[in-house]
Amino acid sequence: MKNFTIADMAENEKPIEKLIRYGTGSLSDAELLAILLRTGTKDMNVISLSQLILNADPIHKGLRGLNYQSIEELSKIPGVGNVKAAQIIALTEISKRMSSLETEEKLILSSPDSVAEYLMEEVRYLTKEKVYALFMSASGALLKKKVLSEGTINRSIISPRDILKEAFLIDATAIVLVHNHPSGNPEPSEQDILITESVKRVCDQAQITFLDHIIIGDKTYYSFSKEKTLSNSNR
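Here this note's numbering is used: the first residue of the sequence shown is 0, the next is one more, and so on.
Don't read these hints as lab results, they were simulated from the structure.
Positions of the beta carbon are idealized from the N, C-alpha and C atoms, including for glycine.
Be a bit skeptical, because a hint or two may be false.
Restraint-style ranges between C-beta atoms, simulated for each label pair [unchecked claim]:
#, residue 1, residue 2, range
1, 192, 21, 52 to 58 Å
2, 110, 81, 40 to 46 Å
3, 22, 164, 49 to 55 Å
4, 125, 192, 19 to 25 Å
5, 167, 21, 53 to 59 Å
6, 96, 192, 20 to 26 Å
Think about it this way: if two alpha-carbon atoms lie no more than 25 Å apart in a straight line, the pair counts; the simulated BS3-like pairs of lysine-lysine are [as the list claims (entries may be wrong)]:
#, residue 1, residue 2
7, 144, 164
8, 60, 75
9, 127, 145
10, 129, 144
11, 164, 129
Based on the sequences and whatever the hints tell you, model everything.
Right, dumping it as structure tokens:
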């Protein structure tokens with residue numbers, strides 16, 4: 000027996016036809032995902048499979064849960080496999096990139112809130128730490144976003160002088176460090192504090208403004224400048 004496909008469904012139940020006739024608002028999340036996946040299994044049509052995928056994460060249900068699933072976890076769901084898992088991961092990445100592109104157009108980062116909002120969706124689902132340097136103009140416009148490290152935040156990996164070199168190359172006058180805490184708790188560790196001190200010290204010497212170090216958790220963040228810990232960080 001072959002796998003269920005969208006073509007096997009009743010005409011009034013086919014998600015593609017519903018989208019064309021009634022628009023995207025007429026489709027459930029499972030139906031939208033079904034359009035991407037196209038086929039189900041021998042025992043389950045593609046919409047039922049899509050709903051199974053949306054409910055797979057034990058904590059985060061629905062479309063949000065897709066951001067918490069790795070390709071390995073998705074491929075273990077009955078009826079998914081590597082190809083469908085890769086399609087889903089590609090979908091979530093496209094969504095993140097589109098969101099980032101829209102935000103970056105004439106982006107002015109004028110406060111800790113705006114910086115956190117800019118990167119929140121990109122990093123809050125990551126299972127490992129990722130460290131960014133944001134290079135800014137005097138007006139607060141974002142000139143460049145650069146990934147400094149992935150997997151850990153470590154003083155031996157993050158070089159303040161390399162950050163300064165990049166700033167000079169693009170004529171940036173200010174820098175913001177940003178990284179995530181996969182635990183969801185944004186409170187800074189001792190290592191976070193030491194790195195902040197090190198980068199700020201070198202920036203001060205080069206007359207580059209070190210604006211902030213922001214740590215992003217789950218829907219929350221910690222800002223060294225907002226918490227007024229930057230002024231005391233040159234120990």
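*asked:* If I claimed the Cβ atoms of residue 110 and residue 81 lie 40 to 46 Å apart, would that claim hold in this structure?
replied: holds, 43 Å
*Distance restraint between residue 127 and residue 145, which requires alpha-carbon spacing of 25 Å or less*: Distance of about 17 Å is within 25 Å: holds.
*Given the hint that residue 144 pairs with residue 164, test it: the Cα-Cα distance must not exceed 25 Å.*
Holds - the C-alpha atoms of residue 164 and residue 144 are around 14 Å apart, at most 25 Å.
_Can you confirm whether the C-alpha distance between residue 164 and residue 129 stays at or below 25 Å?_
holds, 20 Å
*Satisfaction of hint between residue 75 and residue 60, Cα-Cα up to 25 Å*: holds, 17 Å
*If you check the beta carbons of residue 167 and residue 21, does the distance land in 53 to 59 Å?*
Cβ of residue 167 to Cβ of residue 21: about 55 Å, so the range 53 to 59 Å holds.
*For the range 52 to 58 Å, tell me whether the beta carbons of residue 192 and residue 21 fit it or not.*
holds, 55 Å
*So the hint says 19 to 25 Å: do the beta-carbon atoms of residue 125 and residue 192 match that?*
Holds: the Cβ-Cβ distance is about 21 Å, inside 19 to 25 Å.
*Do the beta carbons of residue 22 and residue 164 sit within 49 to 55 Å of each other?*
About 51 Å separates the Cβ atoms of residue 22 and residue 164, which means 49 to 55 Å holds.
*asked:* What's the verdict on residue 129 and residue 144, does the C-alpha distance respect the 25 Å limit or exceed it?
replied: Answer holds: residue 129 to residue 144 is near 12 Å, not above 25 Å.
*Holds or violated: 20 to 26 Å for the Cβ distance of residue 96 and residue 192?*
For residue 96 and residue 192 the Cβ distance comes to about 32 Å; the hint is violated.
Checked against the numbered hints above, the structure breaks only hint 6 and satisfies the rest.
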